[in-house]
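Now for the letters of each chain:
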Amino acid sequence: MKAIITVVGHDTVGIISRVSAVLAARGVNILDITQSVLGDIFAMVMYVDIGSCTIPFTDLVDENEALGREIGVVIHTMHEDIFNSMHRI
Amino acid sequence: MLNTGDILETIQMIEREHLDIRTITMGISLLDCTADSLDTLCTRVYDKITRTTEQLVRTGEDIEKEYGIPIVHKRISVTPISLVAASCRSDNYIPVAQALDRAAKEVGVNFIGGFSALVHKGFTNADRVLLDSIPEALSTTDMVCSSVNVATTKAGINMDAIARMGDIIRRCAYLTRDNNSIACAKLVVFANAAEDNPFMAGAFHGVGEPESVINVGVSGPGVVRSAIANAGDCDLTALAETVKRTAFKITRVGQLVAAEASRRLNVPFGIVDLSLAPTPAIGDSVAHILEEMGLAHTGCHGTTAALALLNDAVKKGGVMASSHVGGLSGAFIPVSEDAGMIDAARGGYLTLEKLEAMTAVCSVGLDMIAIPGDTPADVICAIIADEISIGVVNNKTTAARLIPAFGKKVGDEIEFGGLLGSAPVMPVNTASPARFIARGGRIPAPVHSLRN
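Line by line, the protein sequences are chains A and B.
Quick note on this note's numbering: the first sequence kicks off at 1 and runs consecutively.
Quick note on this note's numbering: the second sequence kicks off at 1001 and runs consecutively.
For the record, the hints were derived by calculation from the structure and aren't laboratory data.
Even for Gly, the Cβ is constructed at its ideal location relative to N, Cα and C.
It is possible that part of the hints are untrue.
[Unchecked claim] Here are the in silico distance ranges between beta carbons for each label pair:
#	chain 1	residue 1	chain 2	residue 2	range
1	A	Val22	B	Arg1263	26 to 36 Å
2	B	Gly1208	A	Asp59	49 to 59 Å
3	B	Arg1263	A	Arg69	25 to 35 Å
4	A	Val13	B	Gly1005	32 to 42 Å
5	B	Gly1208	A	Gly39	57 to 67 Å
6	A	Leu38	B	Gln1055	42 to 52 Å
7	B	Gln1055	A	Ser20	45 to 55 Å
8	A	Arg69	B	Asn1266	47 to 57 Å
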């Protein structure tokens, strides 16, 4: 199963590193990353494989959300199918 | 990989524009719960509902979290109780409503629909008992919703049933007079009621439905309003295209959630209801869509045309996005549940007569409208008869959910709180229709119902 993780917020040092560390610790493989900084707003979209994730997906959603609060960004972790169904026919 | 812009658009719709799945409603048949005694029936009803829907709320919450889309309500609809309880020969069905209420609370849903009767052609004995039980049933329970289908395009209009509804609605208002007459918010009078409607208060599990079924109602007025705002000063053809594209996206999410809930619960997928269902939250209003189109206030001339365009475009966009479309499918215009409608009614721009015209081009009807508490029963019956006629002649569902707020007069407000919102008490034309209503009988089906 694949998921999309989005990270949006004020740019600070180490955002990618902190998010990647959580994912690595849980066995989540990052397949693709796009990121941009517009002014001081940081926006990153990660495409990840959660097939080998060591915790239930709903727990990963909570962990990422908590990490986002800790580092001052908003992190959404969502099953890729919601985007596929909305934007692909 | 998906386009970043598409991903961020989806997140914006959810975060800022209130995109949500309004309800996952599980319909279950109670036809196998019939019994000679009311006590046995109530036990069977409670046991079957709690057993069958045990996982509903948990499953809904899991889907909500995994897909990141809020699912506002998890609800249950059941076979019309007048059919289920007919074998009991009891003279009141209030204990059945209380069993439904206990079951709903046990499994954690926020409404259960189906304390209903289908009387479009006439009453069975059980239908009479059910109608007599409605006021006490709704005033002694919290979660139970009731509906009465008084007409169909095929059968015509049962005016004897409508004549009884005026007193029943007033009694509901009186019994819950200390709580803004809230029982009336849980009672709908229908023409051409949909058997697979997932929305309350009118949901019930029709007799043509399977043993159990998952029906999903989508929402998203805020998303449509925002898309229209972004489209700028385009002409109405382009505007309709914008609404269609947006409705497609909204409905695809509904289809996804319905399919996933159906798979996880091992219950067949029924339909997706393509409705724009507002809430009182700012940015979640159907009235504000109409105003974004260019009306100064909802209710001004042009409102019916704007609503007709909106309703049609929502269906055209949604129908390709779902494998089965059903329920009510259209824009809802409940006054108390829509911030823009509340403002328009307060300002005097939106009248009962204009609302009636609007219901000819959208779903579902005169919905959540507060009227003075001293409105005579026959005037309430006549408002219902007018609304039901629109449905019967136009071959569509219409309904009336009126709240004759006890002790309140024009200019007062009633406050339900939560998604039921608040409503200004609207003026009613009280010239007497008493002689017309007292005639009773059936208004024959319109000639275009003869289609065979």
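How the hints compare with the structure:
no.	hint	verdict
1	Val22(A) <-> Arg1263(B): 26 to 36 Å	holds, 29 Å
2	Gly1208(B) <-> Asp59(A): 49 to 59 Å	violated, 42 Å
3	Arg1263(B) <-> Arg69(A): 25 to 35 Å	holds, 32 Å
4	Val13(A) <-> Gly1005(B): 32 to 42 Å	violated, 27 Å
5	Gly1208(B) <-> Gly39(A): 57 to 67 Å	holds, 58 Å
6	Leu38(A) <-> Gln1055(B): 42 to 52 Å	holds, 44 Å
7	Gln1055(B) <-> Ser20(A): 45 to 55 Å	violated, 35 Å
8	Arg69(A) <-> Asn1266(B): 47 to 57 Å	violated, 37 Å
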